[in-house]
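**Student:** Taking the hints into account, I'd like the entire structure generated from these sequences.
Chains as they are written, first to last, in the UniProt record's numbering: chain V, 1 to 301; chain W, 1 to 254.
Check each hint, because a few of them may be wrong.
To be verified - The calculated label-pair distances, taken between Cβ atoms and stated as ranges, are:
{"hint": "1", "chain 1": "W", "residue 1": "K43", "chain 2": "V", "residue 2": "D200", "range": "30 to 36 Å"}
{"hint": "2", "chain 1": "W", "residue 1": "G78", "chain 2": "V", "residue 2": "T43", "range": "42 to 48 Å"}
{"hint": "3", "chain 1": "W", "residue 1": "E58", "chain 2": "V", "residue 2": "E31", "range": "38 to 44 Å"}
{"hint": "4", "chain 1": "W", "residue 1": "G78", "chain 2": "V", "residue 2": "T203", "range": "48 to 54 Å"}
{"hint": "5", "chain 1": "W", "residue 1": "T123", "chain 2": "V", "residue 2": "R116", "range": "37 to 43 Å"}
{"hint": "6", "chain 1": "W", "residue 1": "T123", "chain 2": "V", "residue 2": "P80", "range": "54 to 60 Å"}
What the hints assert, rightly or not - Once the Cα atoms are required to be at most 27 Å apart in a straight line, the calculated DSSO-like pairs of lysine-lysine come out as:
{"hint": "7", "chain 1": "V", "residue 1": "K103", "chain 2": "W", "residue 2": "K30"}
{"hint": "8", "chain 1": "V", "residue 1": "K98", "chain 2": "W", "residue 2": "K46"}
{"hint": "9", "chain 1": "V", "residue 1": "K152", "chain 2": "W", "residue 2": "K63"}
{"hint": "10", "chain 1": "W", "residue 1": "K32", "chain 2": "V", "residue 2": "K94"}
{"hint": "11", "chain 1": "V", "residue 1": "K193", "chain 2": "W", "residue 2": "K73"}
{"hint": "12", "chain 1": "W", "residue 1": "K161", "chain 2": "W", "residue 2": "K232"}
{"hint": "13", "chain 1": "W", "residue 1": "K73", "chain 2": "W", "residue 2": "K106"}
{"hint": "14", "chain 1": "W", "residue 1": "K63", "chain 2": "V", "residue 2": "K53"}
{"hint": "15", "chain 1": "V", "residue 1": "K94", "chain 2": "W", "residue 2": "K30"}
{"hint": "16", "chain 1": "V", "residue 1": "K165", "chain 2": "V", "residue 2": "K175"}
{"hint": "17", "chain 1": "W", "residue 1": "K50", "chain 2": "V", "residue 2": "K94"}
{"hint": "18", "chain 1": "W", "residue 1": "K73", "chain 2": "W", "residue 2": "K96"}
{"hint": "19", "chain 1": "W", "residue 1": "K82", "chain 2": "W", "residue 2": "K96"}
{"hint": "20", "chain 1": "V", "residue 1": "K16", "chain 2": "W", "residue 2": "K39"}
{"hint": "21", "chain 1": "W", "residue 1": "K43", "chain 2": "V", "residue 2": "K23"}
{"hint": "22", "chain 1": "W", "residue 1": "K30", "chain 2": "W", "residue 2": "K63"}
{"hint": "23", "chain 1": "W", "residue 1": "K50", "chain 2": "V", "residue 2": "K53"}
{"hint": "24", "chain 1": "W", "residue 1": "K106", "chain 2": "W", "residue 2": "K122"}
{"hint": "25", "chain 1": "V", "residue 1": "K103", "chain 2": "W", "residue 2": "K46"}
{"hint": "26", "chain 1": "V", "residue 1": "K98", "chain 2": "W", "residue 2": "K32"}
{"hint": "27", "chain 1": "V", "residue 1": "K196", "chain 2": "W", "residue 2": "K106"}
{"hint": "28", "chain 1": "W", "residue 1": "K82", "chain 2": "W", "residue 2": "K206"}
{"hint": "29", "chain 1": "W", "residue 1": "K82", "chain 2": "W", "residue 2": "K106"}
{"hint": "30", "chain 1": "V", "residue 1": "K98", "chain 2": "W", "residue 2": "K63"}
{"hint": "31", "chain 1": "W", "residue 1": "K232", "chain 2": "W", "residue 2": "K149"}
{"hint": "32", "chain 1": "V", "residue 1": "K53", "chain 2": "W", "residue 2": "K39"}
Rather than coming from a laboratory, the hints here were simulated on the basis of the structure. Treat the numbers as computed from the prediction; the structure is a model and nothing was measured. Ideal Cβ placement from N, Cα and C applies to all residues, glycine included.
Now for the letters of each chain:
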Amino acid sequence: MAHATSQGPQLLHGFKRLTRFDKGLGAQLPEAYKKFWREWKLTTPAAVHYVPKTEPFEHDEVTGEVRPVQNVPLPLIDTPESHEGIWGGEAVIKGFQKRHPQKRRVPHFWVPTLRRSVVHSQVLNAYISMVVTDRTIDQIHDCHGFDHYLLKNLACDLRSALALKLKRKILMELKDGCPNLSDNPSERARVLKEFKCYLDSYTPEEIEWYGHTYEEAIRKLQAQIRAENPIVPHKVEFRMKLIEQLRNAGISEASGSHINEKSAKGNDDADIERITKLEAPSSPTSNWLSKINPFGKKQET
Amino acid sequence: MLKTWCSSSINLLKSAATVQQQVRTTFVLKRKYDPLLHKTNAKPRKLRAKHFIYELVEDTNVKRRPNLEVVLKTYVEGVGDKGDVVSVRPNFAYNKLLLPGLAVYKTDENVALYTKTEDEKKTVRHSSAFAQRTINIIERFSLAVVMNKDQPWVVEPWHIKASLRKAGIHCPEECITMPEERIEGPDMNKEAKEFYCTITINNLEKARLRCRIHHWSTDPSERLPYVPEFWKIPSEPLFGSENSKELTEKVEEK
Numbered sequence: 001m002a003h004a005t006s007q008g009p010q011l012l013h014g015f016k017r018l019t020r021f022d023k024g025l026g027a028q029l030p031e032a033y034k035k036f037w038r039e040w041k042l043t044t045p046a047a048v049h050y051v052p053k054t055e056p057f058e059h060d061e062v063t064g065e066v067r068p069v070q071n072v073p074l075p076l077i078d079t080p081e082s083h084e085g086i087w088g089g090e091a092v093i094k095g096f097q098k099r100h101p102q103k104r105r106v107p108h109f110w111v112p113t114l115r116r117s118v119v120h121s122q123v124l125n126a127y128i129s130m131v132v133t134d135r136t137i138d139q140i141h142d143c144h145g146f147d148h149y150l151l152k153n154l155a156c157d158l159r160s161a162l163a164l165k166l167k168r169k170i171l172m173e174l175k176d177g178c179p180n181l182s183d184n185p186s187e188r189a190r191v192l193k194e195f196k197c198y199l200d201s202y203t204p205e206e207i208e209w210y211g212h213t214y215e216e217a218i219r220k221l222q223a224q225i226r227a228e229n230p231i232v233p234h235k236v237e238f239r240m241k242l243i244e245q246l247r248n249a250g251i252s253e254a255s256g257s258h259i260n261e262k263s264a265k266g267n268d269d270a271d272i273e274r275i276t277k278l279e280a281p282s283s284p285t286s287n288w289l290s291k292i293n294p295f296g297k298k299q300e301t
Numbered sequence: 001m002l003k004t005w006c007s008s009s010i011n012l013l014k015s016a017a018t019v020q021q022q023v024r025t026t027f028v029l030k031r032k033y034d035p036l037l038h039k040t041n042a043k044p045r046k047l048r049a050k051h052f053i054y055e056l057v058e059d060t061n062v063k064r065r066p067n068l069e070v071v072l073k074t075y076v077e078g079v080g081d082k083g084d085v086v087s088v089r090p091n092f093a094y095n096k097l098l099l100p101g102l103a104v105y106k107t108d109e110n111v112a113l114y115t116k117t118e119d120e121k122k123t124v125r126h127s128s129a130f131a132q133r134t135i136n137i138i139e140r141f142s143l144a145v146v147m148n149k150d151q152p153w154v155v156e157p158w159h160i161k162a163s164l165r166k167a168g169i170h171c172p173e174e175c176i177t178m179p180e181e182r183i184e185g186p187d188m189n190k191e192a193k194e195f196y197c198t199i200t201i202n203n204l205e206k207a208r209l210r211c212r213i214h215h216w217s218t219d220p221s222e223r224l225p226y227v228p229e230f231w232k233i234p235s236e237p238l239f240g241s242e243n244s245k246e247l248t249e250k251v252e253e254k
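**Tutor:** What follows is the structure in structure tokens.
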């Protein structure tokens with residue numbers, strides 16, 4: 001059966017479902033974006049909403065039986081709003097509360113406390129108002145600044161499209177040598193020196209593809225492909241072909257320069273004049289008739 | 001988490017006097033029932049409904065956050081001088097010092113960068129971080145200098161000192177500089193008129209104190225009628241020169 005599938009003999013190791021990077025435009029996405037994707041989606045984020053157990057084994061509280069420890073993270077919900085602010089790794093938790101041992105469990109949503117605050121980016125030289133949590137501000141303090149917070153943390157820990165976008169902007173800015181700070185050279189030198197270490201882990205292509213969502217990456221790829229092979233109308237293409245053929249046939253008008261063309265035009269005009277002059281005496285009405293351009297603008301009567 | 005605020009006035013007839021409002025915080029949770037063990041290096045088992053029953057372990061928002069250490073870039077009133085490493089509340093540090101660019105986080109580089117140089121140490125501009133606060137308090141003040149209505153007197157620094165003490169400010173006599181002209185009394189033309197004296201704080205900062213003369217008699221029948229909230233009533237300067245007028249205007253603007 002193996003021969004009948006696209007996966008061929010690989011099927012022997014189990015059926016492999018096609019991922020978004022195996023089909024369609026996704027297959028053409030560069031390795032730089034896939035690296036970011038692995039960092040964003042396939043890495044386990046740091047524990048925010050639970051305390052992970054560190055020991056490999058533990059005793060059962062009642063029986064004293066030894067059993068291995070397996071930390072299964074709590075499923076978190078990233079709301080659309082979480083991508084418009086920076087929640088510092090927090091998310092909404094959907095679950096139940098057991099409020100009374102003899103009563104039915106009660107559904108509950110644990111939602112982080114949000115507030116609007118301002119963050120300051122040294123690299124972008126900008127103050128940005130955004131929705132944050134206390135944890136975000138704490139982490140900014142721990143990392144000694146907003147830029148450090150974004151650059152030090154992985155995409156999976158930032159957990160926000162806005163944060164990733166800002167991180168890409170900051171990385172691009174550092175790569176270009178901070179054009180925003182060009183009016184203050186000493187500050188610029190200081191910032192470049194302070195943040196230079198973060199550039200080592202990225203190549204320019206990786207910076208370019210960093211922080212895009214899948215849809216954005218696909219759109220970016222499409223734009224690239226379109227820019228590389230622009231659509232030329234057939235009209236232009238066929239005209240070029242025809243001219244080429246005429247040139248090959250040795251026709252002078254096709255290969256001639258502009259002056260030749262002009263003189264040819266002049267000859268045509270002279271011919272037309274001659275014809276009109278010949279026609280003029282035959283009928284007086286044809287004089288005004290000849291002035292009418294049948295392909296011109298429609299005259300209103 | 002439910003917080004309850006009771007209305008301060010006691011009304012027994014009111015049935016629901018409390019306002020219940022949900023306070024949302026950062027949560028650290030724990031599963032009530034652990035999921036079954038799965039094979040190593042395999043996907044975890046499918047979670048069942050009972051694995052979604054959580055218990056609250058900790059509320060990080062309720063916890064008191066430790067102070068934050070910052071290095072001041074300039075002199076900040078009420079906080080410290082340039083290069084000082086101060087430990088302040090994190091919200092104050094972020095909103096009032098770090099975001100306006102008055103301070104930076106405490107790192108070795110920043111401490112070295114912003115320490116005062118020898119020249120800056122020599123030119124002292126501020127005796128203390130809190131001197132400006134004292135100046136603000138003194139300049140906002142309208143001090144009543146209560147003098148005798150029957151016996152002759154000349155206003156001296158110790159009068160100002162006593163009046164300040166009555167108003168709750170303890171000030172040594174050496175710090176008080178009186179105006180050049182002598183102020184003698186009792187003189188009812190000088191009643192409720194203002195003059196300025198200068199108070200030197202920490203031998204460095206100068207503050208101008210607005211004083212208003214008031215006559216007082218030990219005999220109750222001789223006393224002047226009581227003026228409620230006299231400091232709100234505008235008054236004339238004692239020395240009618242233009243200079244003092246300008247000064248009063250300045251003070252009023254403040």
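**Student:** Would you mind marking each hint as holding or not holding in the structure?
**Tutor:** Going down the list of hints, with the structure as the test:
1. W/K43 / V/D200: 30 to 36 Å: Once the Cβ atoms are compared, 35 Å apart, the range 30 to 36 Å for V/D200 and W/K43 holds.
2. W/G78 / V/T43: 42 to 48 Å: Holds, at about 46 Å.
3. W/E58 / V/E31: 38 to 44 Å: holds, 41 Å
4. W/G78 / V/T203: 48 to 54 Å: Holds: the Cβ-Cβ distance is about 49 Å, inside 48 to 54 Å.
5. W/T123 / V/R116: 37 to 43 Å: holds, 42 Å
6. W/T123 / V/P80: 54 to 60 Å: Roughly 56 Å apart at Cβ, these two residues keep to the hinted range, so it holds.
7. V/K103 / W/K30: holds, 20 Å
8. V/K98 / W/K46: holds, 21 Å
9. V/K152 / W/K63: The hint holds at about 26 Å.
10. W/K32 / V/K94: Holds: W/K32 and V/K94 sit about 14 Å apart, inside 27 Å.
11. V/K193 / W/K73: Satisfied, since the Cα-Cα distance of roughly 20 Å is no more than 27 Å.
12. W/K161 / W/K232: Satisfied, since the Cα-Cα distance of roughly 22 Å is no more than 27 Å.
13. W/K73 / W/K106: holds, 11 Å
14. W/K63 / V/K53: holds, 22 Å
15. V/K94 / W/K30: holds, 13 Å
16. V/K165 / V/K175: Satisfied, since the Cα-Cα distance of roughly 15 Å is no more than 27 Å.
17. W/K50 / V/K94: holds, 13 Å
18. W/K73 / W/K96: holds, 13 Å
19. W/K82 / W/K96: holds, 15 Å
20. V/K16 / W/K39: holds, 20 Å
21. W/K43 / V/K23: holds, 25 Å
22. W/K30 / W/K63: Given pair W/K30, W/K63 holds - Cα atoms ~18 Å apart, limit 27 Å.
23. W/K50 / V/K53: holds, 20 Å
24. W/K106 / W/K122: Satisfied, since the Cα-Cα distance of roughly 25 Å is no more than 27 Å.
25. V/K103 / W/K46: holds, 25 Å
26. V/K98 / W/K32: Roughly 9 Å between the alpha carbons, so the hint for V/K98 and W/K32 holds.
27. V/K196 / W/K106: holds, 20 Å
28. W/K82 / W/K206: This hinted pair holds, its Cα atoms lying about 21 Å apart.
29. W/K82 / W/K106: holds, 13 Å
30. V/K98 / W/K63: Given that 27 Å is the threshold and the Cα spacing comes to 24 Å, the pair holds.
31. W/K232 / W/K149: At roughly 23 Å apart (the allowed maximum being 27 Å), W/K149 and W/K232 satisfy the hint.
32. V/K53 / W/K39: Between V/K53 and W/K39 the Cα gap is close to 18 Å, so the pair holds against 27 Å.
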